[in-house]
Amino acid sequence: MGNFVDCCRGFWCGTKNPNVRISLPVVCFVWQIAMIILFGVFVRYDEESDAHWSEHRHEKNITSDIENDFYFRYPSFQDVHVMIFVGFGFLMTFMKRYSFGGVGFNFLIGAFGLQWALLMQGWFHSLDPTDGTIKIGIENIINADFCVAGCLIAYGALLGKVSPVQLMILTLFGITLFAVEEHIILSLLHARDSGGSMVIHTFGAYYGLTISWILYRPKLDQSKHLGSSVYHSDVFAMIGTLFLWMFWPSFNSAISDHGDGQHRAAINTYLALAASVLTTFAISSLSAKKGKLDMVHIQNATLAAGVGMGTAAEFMITPYGSLIVGFLCGILSTFGYLVLTPFMEKYMKIQDTCGIHNLHAMPGILGGVIGAITAATASESVYGHEGLINTFDFEGAFANRTPAIQGGFQAAGICVALVFGIVGGIIVGCILRLPFWGDPSDDNCFDDEVYWEVPEDEESIPPILEYNSHMVGKSADRM
Amino acid sequence: MGNFVDCCRGFWCGTKNPNVRISLPVVCFVWQIAMIILFGVFVRYDEESDAHWSEHRHEKNITSDIENDFYFRYPSFQDVHVMIFVGFGFLMTFMKRYSFGGVGFNFLIGAFGLQWALLMQGWFHSLDPTDGTIKIGIENIINADFCVAGCLIAYGALLGKVSPVQLMILTLFGITLFAVEEHIILSLLHARDSGGSMVIHTFGAYYGLTISWILYRPKLDQSKHLGSSVYHSDVFAMIGTLFLWMFWPSFNSAISDHGDGQHRAAINTYLALAASVLTTFAISSLSAKKGKLDMVHIQNATLAAGVGMGTAAEFMITPYGSLIVGFLCGILSTFGYLVLTPFMEKYMKIQDTCGIHNLHAMPGILGGVIGAITAATASESVYGHEGLINTFDFEGAFANRTPAIQGGFQAAGICVALVFGIVGGIIVGCILRLPFWGDPSDDNCFDDEVYWEVPEDEESIPPILEYNSHMVGKSADRM
Amino acid sequence: MGNFVDCCRGFWCGTKNPNVRISLPVVCFVWQIAMIILFGVFVRYDEESDAHWSEHRHEKNITSDIENDFYFRYPSFQDVHVMIFVGFGFLMTFMKRYSFGGVGFNFLIGAFGLQWALLMQGWFHSLDPTDGTIKIGIENIINADFCVAGCLIAYGALLGKVSPVQLMILTLFGITLFAVEEHIILSLLHARDSGGSMVIHTFGAYYGLTISWILYRPKLDQSKHLGSSVYHSDVFAMIGTLFLWMFWPSFNSAISDHGDGQHRAAINTYLALAASVLTTFAISSLSAKKGKLDMVHIQNATLAAGVGMGTAAEFMITPYGSLIVGFLCGILSTFGYLVLTPFMEKYMKIQDTCGIHNLHAMPGILGGVIGAITAATASESVYGHEGLINTFDFEGAFANRTPAIQGGFQAAGICVALVFGIVGGIIVGCILRLPFWGDPSDDNCFDDEVYWEVPEDEESIPPILEYNSHMVGKSADRM
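Keeping their order, the protein sequence lines are chains A, B and C.
Those letters in the first sequence? Residues 493 to 971, by our numbering.
Those letters in the second sequence? Residues 493 to 971, by our numbering.
Those letters in the third sequence? Residues 493 to 971, by our numbering.
Only chain A is shown next, with the shape it has when bound in the complex (with noise of 0.2 Å):
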């Protein structure tokens, strides 16, 4: 009893005990049971996946298996699959020491986050209603994938600086959150958002950044020495990079309209991120003294197009539209990184470590304004009258809207991305301020020795070891 008291006392006055042996058992262990216990009340498989399919095919006069859901989204779906786990995965590996807790950790996340992604939005957009029950097929397991996202951008504010057991408690409540916004915006609302410019990188983004807020470390500086890269970090991030930047095409169609509406969306996101390539280059080199290089902006920057292209992919914003979008967020991205990243940590104690506020806020906001202007300024001449009927879904009860109003609704969106992610985050982020959910001091983030057991050092490996004994002694120390 005098030993909880300690405890307390340690706690709230400020001595970390990162020690999360109990707590992250408990926490994975009680989760999943509740996943199967709900996933036993209310998942089944949908009519596509389910083994009555062929007599499903026969009544509804389908021709053949190939016009299964499956066909037109699994391609996607896996490139959406790698985006998350190697993708975001990998971005987050750029740090020295943190390797292990930036890939490691988003796929922990990533693996709670899409079971409850599933019953969250099976609970709002598939429910069945004879039986009560959420049937799910290909489409929901994407939807899933993307939902995950926006908390992984989250992550990507407080990376370095949480625990695990932290995280999956900003998972629970940011897939909750997600849910019901994105109920909001595109069922309420009906603004479209394929890309998730608003839904998810709005969202996740100022997510992040509240409760990044919140959880203001004052004397962060004291892990400064390892918040930073090593030369073959860095090459581990591209990776990641380089995989989002590939199949953010497949992000962006993997939900839209079969045919012609995941035909453009593919291109007209291929078309933004390769400008965006450009313009990063251009502002990293013009921002340095010699016109060096900075790996942070290609890493990140580059993407910016991908987020921008969110809303708007599948209308027809034409490909120089695009050009102009991926131009545009490729500067206002890396000028984030030069100007704003600094400015927020030292006056507005924001301390964005992977700088989501340029990859996803910004360029997220900015996709919701292009997608709602897209979606106000378009015409049956553009689209042809099917064309425009099925683009923005005016039937049942929105059959009578204009496309004016529908650009309205649209920017409505934004403001409820918006604001769920600020009010969420600061609910969120006085959840996790909590003194007993096992984050890292301050002279201890970015080091992935305070979660994992981490390997001896390359530097002493046998040969070296019998020359350097006094070295091997100091780096053995830190195992």
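Some clues are possibly wrong.
Chain copies aren't distinguished; within one or between two, either way the pair holds.
[Said to hold, decoys possible] Once the Cα atoms are required to be at most 25 Å apart in a straight line, the calculated BS3-like pairs of lysine-lysine come out as:
id: 1; residue 1: 716; residue 2: 841
id: 2; residue 1: 781; residue 2: 552
id: 3; residue 1: 781; residue 2: 711
id: 4; residue 1: 716; residue 2: 781
id: 5; residue 1: 782; residue 2: 841
Hint data in this document are derived by calculation from the structure and do not stem from the laboratory.
With chain A's structure known, arrange chains B and C on it following the hints.
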């Protein structure tokens, strides 16, 4: 002649000569030429890859080119291909000085194995009775990749302790054994095993473990300092882990039935893999003194669910059933790494470098058992009349089989895989013990120096050279 | 003004100034803005990516969205995209201190090149005569990626010796030349070259080699210590190798005919690549003193079969024919690395950093020859009546062409590619010799320091710093 006697004595008394300058080229050339001749005699395009396809289409009244099996399976094939070469390859780069051997010999085995597999599997499954040739298409090359996976699993147990010549022999026999046991399990017993829990994983793992037992090296601890990882080699291994984890849904669905079969297999595997990540993290943290996670567990045990779903993925195991399988596999596999691998090395003389017993053997058997149970409990109310017939292929000679009987045959399949693995392993292990295959000595294991030109170390780049010349001298000696 | 004169004198007398702070941003901005304007004037969606698709479908009686070309080609496109950015990019990370430049400049070239290629190829192949615009769809963006590949091959010869500004110029002219030679070969000569043995590889390689010859650096050995690999950089390069190797079947089949064409091209390439791995390992081992394998061979020569099958992949070359091609390519390419590269550097003044002569030039020509022979020997008995017409497009103006004549035109295509590569290379090489493009001096090649902010070395992380302060001082100087 005296030289020859000396040579022999040297060999039989244990002096190892790992020079493969003659043997490796001879094996590669002879076997590759044999492949060319056998392909020349036996292998032709099937009707979907032959230029007569357009005529075949008209005959069979196929309305569109999109119904060519290529479009059903090629995306999954490419994912499987990535798993075989990048997934398995990089998973084996975790050691500080055996990354070349890990990824490089994996490449060699794979490239030879798939050719031999096309022949062996072709003779059993794709022989055209009209002209005695093997007709190959997309499904054959997926199956060839699957077949190779069995041998790569076996390599996992032997990593760092065998020569490339031994690996070529292991592959030659492994593929042969695989094709026979596969024929017995899938054709004669008519068991279903689309992701190969039995056929691939159980067989491959026991084949490798038995060989490792026969090749037991009592003095392997002389190489212990090279058998562990360094920081960046663990990050490389995560590339392998993630590509295996992400693409396992494609592995288990690649050759399932068109339509709902592939769709359901992908979803089930996706869910099971997610669950196993959480239980792996939980057990890994729980088992360490300060709750620190172990990269070995994260790299391997998270994948066990893919193995465990290898048989049941295409069945109506239900989404929560998949989560339960994943839950159990993560726990089982992590416990294996914690308890069984050291136990087996100490008391059973099985040195299992990658822990394939935990990742493939146990989850493989578990997967077979789950498949048998799921099959035995299948019913028309769950699958529908047509669905049950399609899923279990209750057609032709097997039209009268009931699910309960099918369950029995599934269980029999596990035994066949086990027997083939163990008996095959004993025979091949004895062949590999012959002293002229160029394997490394006990103090030379886990070292790329033996079979590769290894570049100088990073430590010795010029600016440092000047100051640490003794270090360089030593380091250069190693080259 | 005096400053300017000094500057000029410095340039012409050989003092290099690799500061690209003005030139690189100017080039990037001006060219990107030019792209936007040209796209604005010329580029539109084609009927399959335009919102009028649903009307187009009804008109043409297309039964399902799945027959949109997107679903035939998008998975292959994504594989090609991975080859261009991760494959080529990581293959060029093998040097100890040029990984940033390898993967980063590859990224820049690719992103610019694909935009310019869409225009150049569009003007030749996709111009809509009714309104003078280029209509783009999935096939165009695959072709744009192909076009970029030509320039990236050329970069391989120049890796580490040129500035990013020079690379942008190389790409601008390279794409232009490519589009013209492609038009001549594919449209005027009506040769088939779906995987680009002639159009991409032969052209790209001779273009790069000729430029390298013109930019010959007699004192390059001053940078020799940086021109080799370290252990982990070789593992990074294997990522590039494997993604190229695995996805080459997609490369050669991406734009083949729907149905059997794509199917057969993938299978043939898959087989050829497997065979080349075995012969590469064989020759590599045979050529080294103790039979030790050389990573340079494994990383490169294993890929030669993909190049060698670039023309014939879609033909009925038979499975064993594919194996023979792979067999030869592996041998030819490995011998190239062993014998020709050093010879060419010493006696022909061609410094070929990545050995593109062995990986692209020779196998490219061989591939063209194999294609010509296979085409010349085609017959109706093998292809079927329709199959022959489909495979060789013997329609319209070419309806009367026979296979034998086709073979002749295929051979002519090789010559066109060669001439364009060499003549183009001479012209562009002379332009790149101008002294104001910011290339590094001879003792500064293969060093990322020149164009990149390079992080501190791993050796100097804190615990070691204290003990080796002299080392750190030196190491910091390099930064």
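Hint by hint, here is what the structure shows:
Only within a single protomer do residue 716 and residue 841 lie at most 25 Å apart by alpha-carbon distance; the minimum there is 16 Å, versus 47 Å between protomers. In the homo-oligomer, the alpha carbons of residue 781 and residue 552 never lie at most 25 Å apart, since the shortest distance is 66 Å inside one protomer and 59 Å across protomers. Taking CA atoms no more than 25 Å apart as the test, residue 781 paired with residue 711 passes in neither setting, with 29 Å inside one copy and 28 Å between copies. In this homomeric assembly, residue 716 and residue 781 come within 25 Å of each other (Cα to Cα) only inside a single copy, at 23 Å, whereas the closest approach across copies is 28 Å.
In this assembly of identical chains, the alpha carbons of residue 782 and residue 841 never lie at most 25 Å apart, being 31 Å within a copy and 32 Å across copies at closest.
In summary, the structure is inconsistent with hints 2, 3 and 5 from the numbered list given earlier, while agreeing with the others.
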